[in-house]
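**Student:** Spelled out from the first residue to the last, the chains are:
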Amino acid sequence: MSHRRLAINRLRDRSHLDPGQVERFVARFGSPIVEGERATFLFRGEADAVWVRHRVVGLPDPLPMRRLPDTDLWAATTDLPGGSRVEYQVETRHGDHYERFNDPLNPRVAHSPVGSSSVCASTGYAVPDWVHHDEEARPGRLLEEDMHSKALRRDQPYWLYLPARYTAVQRYPLLVVHDGGDYLQYAAMKTVLDNLIHRLDIAPLVAVFVPPRDRLREYPNFAPHARFLSRELVPALTERLSLVPTAEGRCLMGSSFGGIAALSTAVRYPGHYGSLLLQSASLVFTDIGTEHGGGPAFDPVVKFVNRYRAKPGRVVDRIFMSCGTYEPLITPNRSMVPVFRETGMTVRYVEARDGHNWEDWRDRLRDALTWIYPGPQKFVYE
Amino acid sequence: MPAEESPVQAPTPRTFLLGPQRFNQSATAALRSLETDRPVVTINSGWEEREDDVGELDAALDGRAVHLRLYNRMLDVLDKDRRFAAAALAIRDRHDDLFSIYRLRLQTVLAGAYAVQRRLATREDTAYGALDDAIDVVRHVDAWYLERLGALYADEDLVDSAASSEVIHWHRGEIAGALAGAGAVVLPGGNIATLLRTLRIFATELPPEVPVIAWSAGAMALTEEVALFHDRGPEGASETELFDRGLARVSGVVALPHARTRLRLEDRPRSAIMARRFGDRHCLLLDEGVVLEVSADGALPGGSRVLGIDGAIHELRRA
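Chains A and B, in that order, are what the protein sequence lines are. Number 382 marks the last residue of the first sequence (this note's numbering); no jumps. Number 1319 marks the last residue of the second sequence (this note's numbering); no jumps.
Hint data in this document are derived by calculation from the structure and do not stem from the laboratory. Misleading hints may appear alongside valid ones.
The calculated lysine to aspartate or glutamate pairs, modelled on EDC-like cross-linking and capped at a C-alpha distance of 20 Å, are [stated by the list, open to error]:
#1 A:K190 x A:D367
#2 A:K378 x B:E1048
#3 A:K378 x B:D1096
#4 A:K378 x B:E1049
#5 A:K378 x B:E1225
#6 B:K1080 x B:D1157
#7 A:K190 x A:E136
#8 A:K378 x B:D1157
#9 A:K150 x B:D1096
#10 A:K378 x B:E1239
#11 A:K378 x B:D1093
Now the in silico label distances, taken between C-beta atoms and shown as ranges [unchecked claim]:
#12 B:A1151 x A:P224: 41 to 49 Å
#13 B:E1124 x A:D61: 58 to 66 Å
#14 B:A1111 x A:E99: 53 to 61 Å
#15 B:D1160 x A:R141: 32 to 40 Å
#16 A:V127 x B:R1032: 42 to 50 Å
Residues from chain A that face chain B, not an exhaustive set, calculated with beta carbons under 10 Å [claimed, not checked]:
#17 R165
#18 Q170
#19 E239
#20 K378
Quick caveat: nothing in here was measured; it's all calculated off a predicted structure. For each residue, glycine too, the CB sits at the ideal point set by N, CA and C.
In isolation and in its complexed conformation, chain A is listed as follows:
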């Protein structure tokens, strides 16, 4: 283990810092500076106070930055275990005026439906190679379609993914993806499917990416949503495409509230789906009382999860669950693993040193999909 002092401390040790030294320091190291299991965040500029803002459970938020004397350089150092990946922003205060923005010294940015954040990746974290476009991988087709839903009383758009070389003489498992547009846009899911199928890591599959209209209403245990998937969309696709005709070949997938949508749909239609893929599912519950800390949006979630915990049922055969250890949902997710297992469902549970974000969910897709729908590697002996 290296005992070399942190770069920021070596800079602090210098008696007089001129702007040129600070300039060279920032140019050399950028922000954040990752040294072993420590990360130092930097900011340059005039302000009354500066903080690092994040949602990492266990670290203080806001994380105050300290100004190096006689400079415009601010810094804060924190623990960052190997393999970690965290998203953050910088917040400044000028008098009564607060401003929050991505780290100007860090070019690495992650995107989500609510905007973008800066990314700090510690030693040992690498973006998986299978999330990038691979010219060798024959691309599947993504068809933009819609169908009228009596259950939802509207036309519901969706994207249909057909794997490369789709043919009616094969049977394909089906993956139903909640927040479908976001998975395609922020988790590169078409590229991921193309690559994992090409590598024989997962079975060639059909995926349907379904976007919500009113997410907070439709995802926490909403009967019309479950009916749309189970009585309209899946039967229509099964009739039209060459899909595995049994529950084993049907998987519901979702993250956050989408995970609740997947679980609650399976609870309403037990035995209809063979597996669930839940990423950072919002499995918030209370053991007593109604104070769950999630705000009104979580009320129906808590009601649903509490009811399920009171009478757990074996609604599918297998569940893949993942959760970031830095997100507030880690404790509810850990708590639900034995509840699911006790019903007789097979559960694979995976944690990552990451947060509640799309890149975490993207990075777990290989673990999840290779378990849900393993590829034909076991059949191929070249």
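For this one, chain A is given, so just place chain B on it according to the hints.
**Tutor:** Chain B alone, transformed into the frame defined by chain A:
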């Protein structure tokens, strides 16, 4: 002394099992050792849609290959004979269903065998034969699966539709003709399920008198029972599973191509269970560089590397 007529000699089957050919092309030497100038027939349907991408294979076989194109023939059958296609797809669905239940049962009984093995690791006695019995249970599940699979293949609709299919009949005639005139048959690797499926549709039989050179999935297809294995797949180690019956040209062998890279051979207790599970059959390691000629009586040559019931790798003694 009157000259005696020479008795008619039964053809001596010559069969070569090779290691993977990507980095060590021993197929060329094996073919040349046969000293035949007749056509070399290949069955590379395990390559699926790449079946016609045969440039490298042609070069390795001295440019003398005649490709049977069983995968393309299968697609032709499925396209032209709707009755057979429907029956075949129905059987495949039932096979998938049976296989999935077999896997479930297998995981459970193997977990039981491993648990007993761990418990007995420090005991000197056989503990009432507990491990032997646990392995018998695994064998029972294997036997149940193969028996049920056999019943699936005997499905009347499938058998009748194949027997009455003109397009299958036509392809079978062509295939039989090509095989009868062959100086050698070559079965490369690929997807073993597809390879077996195409062999089955066309009821392909390899004439005993025609030498066969096979590697990887091709070598597996020559055995009596085909086992699938991959301890290092992306989903983690999985149990070795029987998948189907093969052509049974080679008996008493469970073929394990790429054994070093695909199996956790360092886990000796696990390997021991595998070797004991397959009983009197040799778990034969077919790694890069292996060249084995199976003798006329079906015996493996000395030096063949097999898994022992102690979980270690052993070389068979040379005669």
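**Student:** Kindly indicate which numbered hints from before are broken by the structure, ordering the numbers from low to high.
**Tutor:** Those not satisfied are hints 8, 9, 19.
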